[in-house]
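Student: Take a look at the letters that make up each chain.
There are 2 protein chains.
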Amino acid sequence: MKIEIKDLKDLAIRAILKTGNIKEADIGKILDVLLFADMTGRSTQGVIKLTGSEPLQTIVATDEIEITKETPVSVQINAHGNPAPLAAHFATEKVIEKCKTSGIGIAGLNGIYSSNGAQAYYADKIARAGFVALVASRSPGAIAPYGGKEPLFGTNPIAFGFPTLKNPLIFDMASSAITWYGLIKAKADGKPIPNDVAIDKNGELTTDPTAVMEGGAILPFDRSYKGAGIAMVVELLGGPLAGATFCNVDVQGKDWGAFILALDTGLFNDAEKFKESASELIKIVKNSKPRSSDVIVSIPGDRSLKFYKEALSTGEVEISDAILSELRDQVK
Amino acid sequence: MKIEIKDLKDLAIRAILKTGNIKEADIGKILDVLLFADMTGRSTQGVIKLTGSEPLQTIVATDEIEITKETPVSVQINAHGNPAPLAAHFATEKVIEKCKTSGIGIAGLNGIYSSNGAQAYYADKIARAGFVALVASRSPGAIAPYGGKEPLFGTNPIAFGFPTLKNPLIFDMASSAITWYGLIKAKADGKPIPNDVAIDKNGELTTDPTAVMEGGAILPFDRSYKGAGIAMVVELLGGPLAGATFCNVDVQGKDWGAFILALDTGLFNDAEKFKESASELIKIVKNSKPRSSDVIVSIPGDRSLKFYKEALSTGEVEISDAILSELRDQVK
Chain A
1 MKIEIKDLKD
11 LAIRAILKTG
21 NIKEADIGKI
31 LDVLLFADMT
41 GRSTQGVIKL
51 TGSEPLQTIV
61 ATDEIEITKE
71 TPVSVQINAH
81 GNPAPLAAHF
91 ATEKVIEKCK
101 TSGIGIAGLN
111 GIYSSNGAQA
121 YYADKIARAG
131 FVALVASRSP
141 GAIAPYGGKE
151 PLFGTNPIAF
161 GFPTLKNPLI
171 FDMASSAITW
181 YGLIKAKADG
191 KPIPNDVAID
201 KNGELTTDPT
211 AVMEGGAILP
221 FDRSYKGAGI
231 AMVVELLGGP
241 LAGATFCNVD
251 VQGKDWGAFI
261 LALDTGLFND
271 AEKFKESASE
281 LIKIVKNSKP
291 RSSDVIVSIP
301 GDRSLKFYKE
311 ALSTGEVEIS
321 DAILSELRDQ
331 VK
Chain B
333 MKIEIKDLKD
343 LAIRAILKTG
353 NIKEADIGKI
363 LDVLLFADMT
373 GRSTQGVIKL
383 TGSEPLQTIV
393 ATDEIEITKE
403 TPVSVQINAH
413 GNPAPLAAHF
423 ATEKVIEKCK
433 TSGIGIAGLN
443 GIYSSNGAQA
453 YYADKIARAG
463 FVALVASRSP
473 GAIAPYGGKE
483 PLFGTNPIAF
493 GFPTLKNPLI
503 FDMASSAITW
513 YGLIKAKADG
523 KPIPNDVAID
533 KNGELTTDPT
543 AVMEGGAILP
553 FDRSYKGAGI
563 AMVVELLGGP
573 LAGATFCNVD
583 VQGKDWGAFI
593 LALDTGLFND
603 AEKFKESASE
613 LIKIVKNSKP
623 RSSDVIVSIP
633 GDRSLKFYKE
643 ALSTGEVEIS
653 DAILSELRDQ
663 VK
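Protein chains in written order, with this note's numbering: chain A, 1 to 332; chain B, 333 to 664.
The reader is advised that the hints may include incorrect statements.
[Unchecked claim] Some, not all, of what chain A presents toward chain B, calculated at C-beta under 8 Å:
{"hint": "1", "residue": "L17"}
{"hint": "2", "residue": "G41"}
{"hint": "3", "residue": "V73"}
{"hint": "4", "residue": "I104"}
{"hint": "5", "residue": "G108"}
{"hint": "6", "residue": "F171"}
{"hint": "7", "residue": "G229"}
{"hint": "8", "residue": "L236"}
{"hint": "9", "residue": "F268"}
Treat the hints as calculated values from the structure; they're not laboratory data.
Note that the structure is a prediction, hence the values are computed from the model and not measured.
Glycine is no exception: its CB is placed at the ideal position from the N, C-alpha and C atoms.
Chain A with its partners taken away, still in its complex shape (with noise of 0.2 Å):
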């Protein structure tokens, strides 16, 4: 059902609070995170997250996230268990604020051990700074390599952010063909994935979402060897640059990983002159002729952005009836 954002948002904090492991200051900072995702469609990535088995508002820390390593162009950031969006929203803060004196800016993120959400929001963050942004994430064993059954690879979603005269234009794919919360859905909904997205634990084709979660693997988006080499960059990005697992290897215990780069584009081009090329090519793609009568020509983002027009117009977002209901009974 549409809700309000704010009485929503209200909804939320107090949920979060409720478990007491989150400090006040950092509740609005995670919230941003949220509600960016089921503002631009994005529900998965949204206030789901506060409901299930594992509620994001009951996650423990086990100190600050601290820096460990700075130089005037990076940020290597322990994140001790905080929660991921709190993690790399820091991150993202500090990869701006090192762009606006350096040029650029990249973090590595360690010691997560939870999904940080849409790689969108962090991509758009930096990107509305004036930076182009690239944000990529590993998580835990979810895509065979090329040739192989084994679940070694995140789902791995890979963001690039860029800005323009008016809204950023935002590309974050996952590298896999399905998500890892498209099985979760598929299972508790007792209906069939598509036939080509993943395997089972023998190499074959599935379209059991159990028989993938348990020995199986997805495969990656284009199910093929360019697809398997993204997911294996994220792998490498994300998780060894970063300082974080791999592979399902215990590292420091079986964290989550993330990079984070902002851009000036000032270092090449006049940046307003940047933002004017990228408009313009925007603008020449979406006027260019479709393939048949049928069909719009699109850009990476537009579904995403319509979704963020309509719910700053009305003030309202879309979230379903069983996750309200669960945000309600837990601040009973």
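Based on these hints, arrange chain B on the given structure of chain A.
Tutor: This is chain B only, laid out in the frame that chain A set:
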């Protein structure tokens, strides 16, 4: 036929000297790029570029390669029409220099009007210097955007390179379902192209390479929106960010463009530790179970590395008779 690499190099040098357009000191750099391609099984990016209707050595630059903007972390380069492999070679050396002092080096390259060849060459060079590489180049319009039928994005290759304890891990892919050269070759051979890689001017799938080259477009590698998104990201990095043309727009003539980044892994982890982890990751992947007994699990660059090792050990490389014959004719 097989030819000794040193004989091929001599032949290529003589072919280049024949036109008198390229300074002797620069010839070795260009041949480094081209011979790397032939030695790694990328024959479409090798000495073939010294043959055909627009041989590289006939390019006449308008000026010296010029650094137009520089900071401790970046360099913008106008190649003033010099051969693209020479300009990209120069840019690669610059980002490695910057990386050694600043931990990161980025180059934006414009004013090139030819292909810089195998992205893997530059990624490999950076990775062998001990750094992580990202190389992305845009070229004249070839790929249609998602839902569209106009050739707006180049075939737009993107490559990553990672140092390991042994040979670097190199991932190098075109954003397109078929390369431009693939179309040229099919046309020359009078053969059809696969039935799901390109469209004609009406937006219909076609197997006729001429129909693609004359008003049609190539599809992104996954035939879908993620691949089109990656092509667009490369268009932005190698185009507006680098200060080059984009989507067939005439910015400074219709130049190509490139983005090259080198990153010191020591900014985060210890650099040696990164190499160890990357090597372990590769080992885990290659030792993992195959989907079936008739396939092997592979990682990006496996095939190229096999070719490269063989070329190094035999001192020979495979070049088509037609190419060799054309080069020999050139130096008569």
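Student: Tell me the numbers of any earlier hints that the structure contravenes, in ascending order.
Tutor: The structure conflicts with hints 1, 2, although it agrees with all the remaining ones.
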